[in-house]
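**Q** Sequence:
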Amino acid sequence: MPIIIDENGRREVSQEEYSIFLNSLSNVWDKENHMAVINELHTQLFNDMLVSYNYLSMGELLFWESNPLSEYYEESKAILDWFVNTYKLVTDYANVVTEETKIDPQEFIESLPKL
Numbered sequence: 001m002p003i004i005i006d007e008n009g010r011r012e013v014s015q016e017e018y019s020i021f022l023n024s025l026s027n028v029w030d031k032e033n034h035m036a037v038i039n040e041l042h043t044q045l046f047n048d049m050l051v052s053y054n055y056l057s058m059g060e061l062l063f064w065e066s067n068p069l070s071e072y073y074e075e076s077k078a079i080l081d082w083f084v085n086t087y088k089l090v091t092d093y094a095n096v097v098t099e100e101t102k103i104d105p106q107e108f109i110e111s112l113p114k115l
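If you read the sequence shown in my numbering, its first letter stands for residue 1, the second for the next number, and so on.
Worth double-checking, as some hints may not be accurate.
Stated by the list, open to error - The following label-pair restraints were derived from C-beta to C-beta distances: (1) E32 with I3: 25 to 33 Å; (2) E107 with E32: 40 to 48 Å; (3) N47 with E12: 43 to 51 Å; (4) L25 with E74: 51 to 59 Å; (5) N8 with D30: 24 to 32 Å; (6) Q15 with N95: 41 to 49 Å.
Don't read these hints as lab results, they were simulated from the structure.
Positions of the beta carbon are idealized from the N, C-alpha and C atoms, including for glycine.
Please model the complete structure; the sequences and the hints are all you need to start from.
**A** Spelled out as structure tokens, the structure:
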């Protein structure tokens, strides 16, 4: 049997009462967790972009971006600039977000500028 410890002390309760008790607890917003989800989604978006442009890694982008005469220079530079700019938007958001101003992580990612 589940046990609840509350203002009435420690007691065993039925599963139904336990479920009601759990549902009555307020969900505490966690900024660190919120930003971890957004960072993970941003990383996934970037990795998907690498795949769609046929790059293997950030290292390959940096290689082509460091070679101005390369046919991939402009494209790799644009992708890196996008990454830096959107990462700045993520960090700016992290600096000001509160429980009252939070945006759904997927909606935040979808609001980022497109390449």
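**Q** So, for every hint listed, does it hold in this structure?
**A** To see whether the hints hold, each was checked on the structure:
| no. | hint | result |
| --- | --- | --- |
| 1 | E32 with I3: 25 to 33 Å | holds (29 Å) |
| 2 | E107 with E32: 40 to 48 Å | violated (19 Å) |
| 3 | N47 with E12: 43 to 51 Å | holds (48 Å) |
| 4 | L25 with E74: 51 to 59 Å | holds (53 Å) |
| 5 | N8 with D30: 24 to 32 Å | holds (28 Å) |
| 6 | Q15 with N95: 41 to 49 Å | holds (43 Å) |
When each numbered hint is compared with the structure, a violation occurs for hint 2 only.
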